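Chains A and B, in that order, are what the protein sequence lines are. Under the numbering used here, the first sequence is numbered contiguously, ending at residue 558. Under the numbering used here, the second sequence is numbered contiguously, ending at residue 144.
The hints are simulated quantities; they were obtained by calculation from the structure and are not laboratory data. One or more hints might be untrue.
[Said to hold, decoys possible] Below, a list of computed lysine-lysine pairs in the DSSO-like style, where the Cα atoms sit at most 27 Å apart:
#1 B:Lys53 to A:Lys361
#2 B:Lys107 to B:Lys69
#3 B:Lys107 to A:Lys404
#4 B:Lys139 to B:Lys47
#5 B:Lys25 to A:Lys367
#6 A:Lys322 to A:Lys437
#7 A:Lys404 to B:Lys104
#8 A:Lys384 to B:Lys25
[To be verified] Some residues of chain B that are not near chain A, with every Cβ distance over 10 Å (derived):
#9 Lys107
#10 Gly109
#11 Asn132
#12 Phe135
Treat the numbers as computed from the prediction; the structure is a model and nothing was measured. Glycine included, C-beta positions come from ideal geometry on N, C-alpha and C.
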Amino acid sequence: MTNLPAKSERVRLPNEFIWTIVFICIFPTVLNSLGFNFGSNKVTLHPTIGLDLQRVADVLQLSLAGSFLVTILEWSAFWTAMFTVILAFTNYKITGDVTTPIIGTVLFCAGAMDGFHTLIIYQSLNGRQIDPNLIPLTWAISQLFYGLLMLITTSLFVAKDKRHIMWEREKGFGFAITISLLFCIIAYGVISLVVKSPHLPTAIFPYSAISRPWDTGPLVLFLITGIFILPKFYKRHESIFSHSLLVSIIPQIFSQIHMAFDSTAIFDNNFNIAHFLKVISYLIPFCGLVLDYHRTYRETESINSRLIIEIANHKATEEKLKHQTVELKRSNEELQQFAYVASHDLQEPLRMVASFTQLLKRRYKDKLDADANEFIDFAVDGVKRMQGLINDLLQFSRITTQAKSLERISSNSALETAINNLKVSIEESKAKITYDKLPVIVADDFQMVQLFQNLIGNGIKYRGDKSPEIKITSCEHDNKWQFSVADNGIGIEKQYFEKIFLIFQRLHTKNEYSGTGIGLAVCKKIIERHSGELWVESELEKGTIFHFTIPMNLGKAN
Amino acid sequence: MDKYFEILLIEDNLGDVRIAIEAFKESKIPVNVNHVTDGIKAFDFLKKASEYKNKPTPDLILLDLNLPKISGFEILSKLKSNDDLKQIPIVIFTTSHTQEDIEKCYKLGANSFISKPIDLDSFIDTIRVIGNYWFHLVKLPNKS
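For reference, chain B alone in the conformation it holds in the complex (with noise of 0.2 Å):
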């Protein structure tokens, strides 16, 4: 039966996208984590251009907000004024704790908004909550 809930991280620090990685793994959630860097290779990502033919649509989306490029709150207000992306739950993964970032991305439509653990304890144990929640507790939409 085995069903794979697939996640689009877009993160630009490799090692913040391997402890993801490694703590999904230890959550025992069946979760496959597909990885891009910045703003333009998520669209690309998305619209399913010629390198991400084969790949697919995420199930939900973990976004970084201090990205190259182009800054995450540009990523997250285009998927929610896009029609055939806005149905994707967002969780915002950040380090930053400011009211105001916190705001400024509830007022653009993200599902979530989560300060990332500094200890190492703390971050696989988020990973979990946040797997748990959206991929046991959450009735996600059917996918198009």
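Extracted from the complex, chain A is given alone in its bound form (with noise of 0.2 Å):
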């Protein structure tokens, strides 16, 4: 046993497993040596007995014993591969390994072909003039059959390279049972043919060394079998079966050695151990399987543990995220209602201020000096940018507040709206707008003006010295649209590119330009609201360009 190196986790037959099978084999020549006879050798009736029917029926028993136990022994090994075959098909159905069954087929053959050998050793119970040949020609026939059997099934999957394994599946599994049924056939045909046979060939030859010549051929398939080909098969199909079968062919090997070298007579001591190690490499695969089923199943129930684990994990993540959902779902309503709120009731003690200064103002302008009228305009500057400050942030919290559902709507007409909106301040600027026919895009249409609005309202505003031209393009990508609304005005710095779209942010005095800064912070919040992005790429005195994306395939979400 060579010794495998740190890869411990390799499906196999326990060590023990195997040396008890080894001693299993072993086992009956060593009590042979010791003076044990398993023979059930044949005792006839000598005239001495005379009327002793005690003595008789003793005898009897004798001479019957050897049939009845090798048709105990034949008898277990064919229901063990039937079990095997059962326990096969059903292990396919779970693992889905086409292997199994396959290799079960043949057992179940094999077992089969035992049986019609066992027929006709039942048969010799009844008495009728057997050929002595028969009895170990059928057992040499069945066990041809299954070595050949073995050899090519096995054969098949090494030969086939692990990129066939389609093929496996879908022909190699109709192969296999095929040609299963077909040597099962054959074997019946031969086995029936011998039966029927008047003159066999001679099957043992109790004083040559090889006393059954017959049974050296399953042996040499056995051993090929056993040496070449399921050692490969084990390598690449690694299962606990898979093991167990070339494990099989040890008892096998020793039961066709036993067979061919030793057994001089039917139900002799080596007939006898042959047909017990038989049962033995039946029983082998059948553990094996048994075994897979307590490795699968172990390894499910770790799995499971584990899913349970993982899905326990899952839910409390689940539900952490659900009420935190819930929360942050609250505390913006709140943040919402309460700079709605705070807008609407700030407003009436602003309009107070500035009506009343106004109405002072109006009243009394004759007679205050000039300083009192300058302190009146400054206070009423300072409520007007209140004011202004207070409906922006309205305008603010509107945007998902009192939001319009999204539909399928022009943005060309979206933007030739906020164009029509913008055409005092065009006309005043002599602003040279160019735009492209813009696509169809599922939006807010109110929002969308809003956006083209702000964005050409910011290139005609920061436009410094030169005349504005805005252009407004628009193209595919990445499933998206992409719009870009590009100026030549007096550019952003590199530095403020994040902080443009903050509310209230503003890069210039009021007195350079007026305003209170919402423009972009309200641009980004449509943008979000849509499921897009929004950026800026600028020059200082070159120009800027504002690119912003709306999805393709946005659903009616909100």
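Dock chain one against chain two, each of which comes alone in its own frame, and use the hints as you go.
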């Protein structure tokens, strides 16, 4: 036994099991050398016994014991094969490993051939005149066919490359079953031919070194299969079952050695040992399958327990997430409610301050000095700016609170509406606006207008000395529509690319450029609501390009 | 001759009341502004209950929506389903801009919906327009 490297988890029969098998194979020989005899040699009735019925019964029992024993052993082998094939097919259903049912079928056929062989022995009990060569011959035939079947089917799996596993699955299965059944029929035919044949070749040569030469054939086959084919087979289809097949060849070989070299008569010592070892040989794959089941069960068990833990973890996470989502939604709603209420309720007192300071100026302008008038102007200006901020905040919160559902709209007409809304400032600044035909998208119409209006408005507002030129384009990109609004304005420094999208963030004093700093924050929020992205590309003095994307397959989600 | 038009202003913000009164003053339209701060007082006024025994029936009602106790919508709906009072035109005069509020008011039978302008000049202009429209342009029903 070679020492396998660290790959500890080899799927195989336990060593103790193999040593037990080897021991079982040698044990009968050991017992023989100690004087035990398993033979049930024929005892003939001797006239001296007379009519002592007890003696007659003893002699009868002794003379039939051999065939009884062998029949029991053969039937055991047969039924073991039957159970093995049932287990094999169940195993196939569970694991989908095609080798198991194929080999199972082979075993079944071998079992069936043993059945024929047994029937013949059984017939011999009926007192019919049977050729003494018949039983050894049928044994040799059934062993030969079993050996051949095993060799061919396992070679089939060994010869085929792993890439052809599908071939094995679809054709190999049918092929193996076909040859198994074919062999079964041939074996049955040959056996019945042998049974019916009036002149059988001699099968037992008691004084030759090879007492049963017919049995050397199966022996050679088992040796080839056991040494060359099955180890490869096991390597390729590693399982306890395939390993047990390899191990099951050991008692088969021992069995054939006992038969071919030492059995000189039917029901003799070696004949019986051979039969016994054959049962053992059939039992091994059966045990292999049972152990396979055990292993599968243990694996499933451990996977299950891991799965249960994972599911529990998953559930806990999900629960936590759910909770957080609810919490987030609630705080979001609260925030929006807050923004809305604050804006509305803040407006009232502000309006009072503004109105009455204005009223003061209106009524008492002539009675106040220049300072007082200036103070009033500052107060009114402050209030108006405050009102602007509150209005913007309100507008910002409305992007989600008072949003319409997303529908298929023409972004082209949204753009045209935006341009129309900006008509006055476009005319004033003599801006030149050009655009491609824009696609139909899934969006909130009103918000798209607002978006274009803010972006184009910015382009006009931050125009520098040149007269503004703004170009709007769109392209398809990665399952999204990508829009670009490019201007030739003053540009933005790279370090501010993030900051400009924050609410109320401005890069200029209100004396340079008016506004509260809400426009791009609104744009960003609109795009986020549409599951898109908004980013900027710019160079100082050269111009700015705002890019934004709208997914093509955006559902009607909000 | 000077016939005074009677207005009932239902408004809880005394600042707005004052500005409205000042605006009517500036508009030179002969208007007498009567003022109540909530819906209950408004009904007392219209039914000439004890406190308002000698008060006139208004030619026009200016109604704010955001009021304590009874909301403007409720007052509107009650007035418009009262056979004795529903002929009096009601102008909703509020800070609200929302389309929902606008539709709701017209459905309840409001005669106009006007958002309060933020700027004082516009506010005064608006009051002047209201006065001119309802007291010069429109023919009002006879008071019963």
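We went through each hint and held it up to the structure:
{"no.": "1", "hint": "B:Lys53 to A:Lys361", "in the structure": "39 Å, violated"}
{"no.": "2", "hint": "B:Lys107 to B:Lys69", "in the structure": "22 Å, holds"}
{"no.": "3", "hint": "B:Lys107 to A:Lys404", "in the structure": "23 Å, holds"}
{"no.": "4", "hint": "B:Lys139 to B:Lys47", "in the structure": "24 Å, holds"}
{"no.": "5", "hint": "B:Lys25 to A:Lys367", "in the structure": "20 Å, holds"}
{"no.": "6", "hint": "A:Lys322 to A:Lys437", "in the structure": "43 Å, violated"}
{"no.": "7", "hint": "A:Lys404 to B:Lys104", "in the structure": "19 Å, holds"}
{"no.": "8", "hint": "A:Lys384 to B:Lys25", "in the structure": "25 Å, holds"}
{"no.": "9", "hint": "Lys107", "in the structure": "20 Å, holds"}
{"no.": "10", "hint": "Gly109", "in the structure": "25 Å, holds"}
{"no.": "11", "hint": "Asn132", "in the structure": "20 Å, holds"}
{"no.": "12", "hint": "Phe135", "in the structure": "23 Å, holds"}
Comparing the model with each numbered hint stated earlier shows that hints 1 and 6 do not hold.
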